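The lines below spell out each chain.
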Amino acid sequence: MTRVLIMLAMLLGFSPAAQAQDLQNLLQTHAEEVASPGRRTVGVVLDDLAGSGIPQVATFLEQWQEKNVWQGPEGLFFIATEDGDTLSLTDIDNGTQSSAPAVGFTQLKPNGGVRRVIGTALVQFQLMDPDLTRRTTAVASIARRPEASQLAPLLGSIEGESDAALKARKIQLANFLSASFADDPADRISAITSLSTDVSVEARAVLNQILTTSTGVAAQLPSDANIAHVLTPGAEISLDAAYALLIDDGLATPITTAEEIKSALAANIVDGRVGDVPVVQLNTTDNRARAYAQLAQAGTVPALVTATNRDATLAGYVFFETYDEDNATITTAAKTALASVETRVAVGQAADLTLDALSLASIYFLAAIGLAITFGVMGVINMAHGEFIMMGAYTGYVVQLFVPSYTASIIIALPLAFAVTFGAGVAMERLVIRHLYHRPLETLLATFGISIALQQLAKNIFGTQARPLTSPAWLDGALVFNDVVQISYIRIAIFVLAVIFLFLILFVLKRTRLGLEVRAVTQNPGMAASMGINPDRINMLTFGLGSGIAGIAGVAIGLYAKVTSEMGADYIVQSFMTVVVGGVGNVWGTLAGASLIGFLQKGIEWLNPSNTLAAQTYMILFIILFIQFRPKGIVALKGRAAAD
Amino acid sequence: MTNSFLMRNPSTLWFLLGLSLFTIVVTALSDAGVGVMSTSFVKTLGKTLCLCLIAVAMDVVWGYCGILSLGHFAFFGIGGYAVGMWLMYARTEGIVLDSFASQTIPPTPQEVTDAIGNQIFGVVGSSEFPMIWAFSDSLILQLLLVVLVPGVLALLFGWLAFRSRVTGVYLSILTQAMTLALALYLFQNDSGLRGNNGLSGLQNIPGFEDTPQSTISLAFFYASALAVGLGYVLFAWITSGKMGSVIKAIRDNESRVRFLGYHVESYKLFVFTITAVVAAIAGALYYPQAGIINPAEIAPIASIYLAVWVAIGGRGRLYGAVIGAAFVSLLSSWFTGGGAPAIPLGFYTIQWTDWWLVLLGLSFVAVTLYAPKGIGGLFDYLVRKPS
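Sequence order for the protein chains is Y and H. Okay, so the first sequence: first residue is 561 according to the numbering used here, each after it adds one. Okay, so the second sequence: first residue is 13 according to the numbering used here, each after it adds one.
To be clear, the hints were calculated from the coordinates, so they are not data collected in a lab. These figures come from a predicted structure and were not determined experimentally. Think of the CB as a built atom: it goes at the ideal place given N, C-alpha and C, for glycine as much as any other residue. There could be a bad hint or two in this list.
[Said to hold, decoys possible] One-sided and incomplete, this derived list gives chain H residues near chain Y with beta-carbon spacing under 7 Å:
hint, residue
1, Asn21
2, Leu25
3, Leu168
4, Leu196
5, Tyr197
6, Ile316
Extracted from the complex, chain H is given alone in its bound form (with noise of 0.2 Å):
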């Protein structure tokens, strides 16, 4: 069935090749090959991985569904911080048990839970573990509460919404207000998630604390790619087929959908949650990557940088969405990390760690208006030149 799925889709054929081909050169370039890229490299390109992911979860929902949701990345911000809790308790447990191996007595459960409670939540002023981390102590119920927690939560946001006929704008701003509450409530110190210190140190893999890093984030690297070749395959087999005409025929008008007689509103909450619980399990790959989430991250900008990339990648097509993640946010981490050179004019020089922003923001309107089927229309044109 996959197979013939697959031949049918030579495009999701030939994205596989060449992620296939990416891992095996950046094996070679890493560590473990020839050494000439860096560990953190490395990470760069997995978490660029990550947020590729993300974005053709975003594609399915905006380019093919017609939604534009400003709340996937705050799917993702949860993703990561549920997979985070449990890095985060692990890892002080085991510290914790370190410094009671030296004393006389052995220590009770209590006395364990208390000092790991100290320490993850001295910064914010407590030491009582939040109802929220009940499971932390568990990598299978966190990691299961990955998908559980975005998945019910956009099926309740999306039921809520797609069943009062929210549309448009306004079901963007809607979105954006969601992901703003969330982040708002992050941000208090009696969240139960540390406030805006976030969670921490999670580049530490519990039970590998001997491996080195560049192994590990080697090791994500192809677990990000796996993910991403897996959701890839997912998505295009979602969106061709029947059900895709159908998501497509939803975003070209929906009300002549609706007459057809398809329950539009099934189709919206199956795609909006689907996405959803993706974009959350990038993310869940993404943080032990950077190491640190903070409620700084799902501000509402980071949705609309999503929509960005996938605007500039070229929307209605996976690949262009995965171009636009990969392009716009190594492009931004070149030029505001320092990489790009100066400009001088005479009277002033262009610092683009300064001016990048500017640009990124004026480009984002040149494609919006002159080329709104993005990097990937490009492609397109090339690839199959109109006869």
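This is chain Y alone, in the form it adopts within the complex (with noise of 0.2 Å):
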């Protein structure tokens, strides 16, 4: 690396005889090329300009892109402004003011694709210009369209680049155009051998640039290519491709399709006949093969070509992929840096599926931990639980229509959709659950009933399109770690929000007085009533914080998700299956079983990644069969607290 960085200053070093020049004596050496250039010629000029190290080059070439360069009377070069019938004239290599009437003058007009070529050279003056933002624009372009000419002023402006962030880029950008185009293979091996580290989707991109390949075909393997590998027809090439590669090569001619003779048949029926085939038999392949043998044994259709005689003309010829670098050992150095490239992506993948199977995983959490509580602790199986998840979702959606900051609509929403889902839990627990308690699968049906009612009512209120609920600027965006592992910050935020709301839970439950007492009414209603503890109060509190949970979840799931009223549907399933597999009435089984469900699902579109409609159905048959082996879930109630 620092070779190649020594190589290029010297290359780039003002030579004392082209600073005696100035810029009006090089451009008259090409005056009618200057005057009238072409996009292909103009190169000649450039590169002399490029060479000179005259320090006004830049901005002629600038002024000359921008159509601002006249000619005059005598062939000399201005940069010039008209003025009605003067031209204000500037010097081009002392800036001298002056002015001229305009007649005699002609103004040099380079067309488009010149002025991207000389854009392109200015690339390399743009790169030690004084100014940051023209120099990020300058390297950015070479990023988007690197060419073996900028490498060497790219390598000249690293030493001088104060910022340090534009010289990392400067340096890694230099890196990547040596290992395409350095002159020396040896500076591109050590170039392409140091891009081994770097898992950014630009250095894959150079790497297999390097390593790009055209398929190829021979009667014998040329010992001059640069051969990547052999294919075998019908193994690493399938034999009709290999067979359209010999057709376009006029090796060999097509396949005769069946539609094919079945209009050669066709027009050859002569009394009802083909050959001596009669019609109404052409109803099989073999009769129809025998009967264009005949025609083609009579000459009027040319000679059937079957796949038999594909797979006999394969054989005698090789089928290769060649790379386009013929050098062997910048190919080689290639390929394992890329090996070891893509073992550190598949590395970095791995952890960025861990990373959204964590927030998958913290989704599911949100959506369930409520229903941990009704259904896990209580024991009330109520199927409107999604439909809370809706109604804090729309109670986000409804204050940040009155609120129009985002920040405070969320900080507005949380808790008052906390209260509106506590109060319709509540509700709920008075005015049905209440009579229910000992027939679960009558609650099931009624919260169901609860549930499509609830459905319609919003689909009536708000529609049945999908309503947006905005996440506050600061949300956006996403974490990087590097072009592999990267995580939105929306979804650090969901999975902030459930670790906080696992500790909360545990403390209400744990510490608490509530927590207490909700035990102890779950546990054992009539001796808790006995102790003074009102098993009502606390059904209907317990009842309550269960659905006000759901409605933060509800919020959560708005921000990430778009809000429907269809939103409890889609997670009410796998609420209760997170709750059931984890374990019911544990907190920590509900997390258990998010996790387990999270990965799982996560795992599951990783192996089938075009198909998450799969993935859901496998998950789901998973868990019916794991219920099969844990039925208590996976952290099982142990002892008196076990029976029901």
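Both chains are sitting in their own frames, so use the hints and assemble them into the complex.
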């Protein structure tokens, strides 16, 4: 790497001979080309200008590109602005101002193609520009369209770069360029080797670019080409694709298709027969082939080419892929580097998948944690739990209609959603569930009735289209570790929220008076009542708490997905699964269940990336089987608490 | 035997009598009689009869045996899919053969199969016949599948669930998960059953292209009525006598029945499986009348509606299930079809298409809370006034 730098610094070094010259003289040697440049031919001029080291070249090129250069009657070039009939001229070397009548001057109007070439040449000057923005733009433009010619100026500009971030970027980019374009293979190999620790998409693109191959076919394997691998027809390359290569090279004729046979036969029916085969018998492939063969023998149609012919032809040739890069040492180095990069990428992807799974698990956990209280602790099956989630999300949406600041609206929405769903939960407990404590199956049905009523009510009020719940600006974007591993802030926020709730609920259940009473009532209502606890009140509060948490979960889920009247229904089965798999009556169990389901779903999606529906199907099947083997869930209650 | 059984169960006799009367009245009113009843209404009645049949099955498994299965509509759907595959295949085959008839060269069998595959699976971007369509060219085999697939599935699922003593709400959730898994699976385009397009054009019966729909609908109506009658007698027979007592005892106290020496799991498995098979038969009769089946039909919500019908009709009595299914589904189509008049409140007009589900949900809560015996309970009260 250092070697490359030194070499290029030398290359760029100002030679004394060039310095003696001035720009006008230099331009005059190319006067004709400068006056009417062509896209292909202007390169010579630009190379000379760039090599001259004259400081005014950058300004001149910019003005030339902007069509502000005029040629005077004596053939001299000026930077000029038109002002009616007169031109205000600026000398291109020393900047002396003057003015002259426009007569006799001609404006240089390079066409679009030329201006682009000039732009590329300008990049090397912009790389050293004192303005940081222009330097950044120049670097970005190199990254967009890397070319061999940019390597030298880029390397030259690294030394003097004052901005640390841009310098790092320049070094990285220079490395990419030298991997692809450096003259000395040793330089390229050392640059390529240094890429083996870089997992960025760009680095992988550079390596893949070096390793591009083209498929070839020949009678014998060519000895001079840089062969990537030999392709066996039927294995690495399909028979048809291999045959298509031969057809493209004019080495074979295409297989006669069934369609072609059919139309040939139809065109040659004589007296209800084709050859000696009656038309009615042409309903099998064999008979058609026989009839066609007779036609071919008579010379009316081209000879039949079958799959057998194809295979025989294919046997006579060898198929291979050659690297577009001729130097085998370079491709080997690139292959090694790419393999090492891919290993790192795989590790990164595993990390990314873990993060994804973690965030999915926290969403399931949030959706299910309220249920863990109402269903898990109290044993009440609440099919309207999903609708409480929906209510919370719509509460957030309504708050955002009135409060324009997204940050403030979320801060208001969270407690408000809790209050709304707490109220709804308490009302539902008082009006319906209280009467059904000893009929669990009927609780299921009654709460289901409430669920369809609430869903339809939401549809009537808010309409069927999805409503947005916009997250504050500081939750936009993602935490980027590198090009492979990243996680959006909103998912981190949901994860944090899930952790907060886990500890909050553990605290409430294990460390507060209310929690003590809740546990007492769920274990033995009669005994609890005789100890002075009011079971009615406790049941009401517990149910309200579980519902309220569903409301808060609704706000969080609404930020991450769209708010619709059906959003609750999407989560309800998964939520019950989470609680059942985790183990009823235990918050840690819910955590375990959510983690298992989240990781499982992401894992299956990774195995079968095209199909999230299939992932859900397999996951549910897995859960059904899982419950066979651990009917009490992952964290099973033991002892007296387990009896029911 | 049957005779004496019917004699001992007068309610079954009354039901069969009512059903026959209903069939005769419908025939008289339809195009075959005076013609005041539209073909589409005959179809609606035929479909309602199929729903009554699955409701009776649901009543046996829930009202008698105490297993709240939220998966019986999945079996209904499987039955529909199984018969739909043949209907679709045979009809497409007819169309394809017609189109080949105009060509000079007769088609090879491979060409015919390819063309049918293209027609059927073109919408999901495929033309290959998936494995599960292997028997679709044979009506008899597909009809066998109507019974076999749900039967085996229910047997397997029930065996796994009952063996590990999954009961009560857990079993309900598990059956719901099974339904959801099936629906999600069918929603995929590569499930081999045309993804969310489902199977369509099922109202055209191959071989009867020239028969008017009014005749076909009446034929299906008779078939549905016959199926309901036979299903009713079958379930009345199962739930009466000694076996019926055991089944009801399982509902009331499973442990006690087990301690008495009965093999509870076998009874539950038997009830679960036979009701699944009857549900599938109901589905196989329903979908040719509906004309189209898609995965949305077997979403978990459908099975819950089934429970709603049975609960409103009255659990634990077979005629209750029939009443509930007929009443709620007809009422539902009346409300959602815009049949019910809108109620203007001055500031707001109640459109029943929007508010019907709210009403249904709330009335369902009311029935659960205040009338756990449902409409059938009311019927009981009127017929046999407690002395």
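Holds or violated: the hint that Leu168/H contacts chain Y, with Cβ atoms closer than 7 Å. 11 Å, violated
Could you check if Asn21/H really has its C-beta closer than 7 Å to a C-beta on chain Y? Since chain Y brings no Cβ nearer than about 27 Å to Asn21/H, farther than 7 Å, the hint is violated.
Less than 7 Å between beta-carbons is the criterion; does Leu25/H satisfy it with respect to chain Y? 31 Å, violated
Does Tyr197/H pass the interface check with chain Y, least Cβ-Cβ distance below 7 Å? Holds - the Cβ of Tyr197/H comes within 7 Å of chain Y, reaching about 4 Å at its closest.
Would the hint on Leu196/H stand, with a C-beta cut-off of 7 Å toward chain Y? 5 Å, holds
Would you check whether Ile316/H satisfies its interface hint, that is, whether its CB is within less than 7 Å of any CB in chain Y? 6 Å, holds
When each numbered hint is compared with the structure, violations occur for hints 1, 2 and 3.
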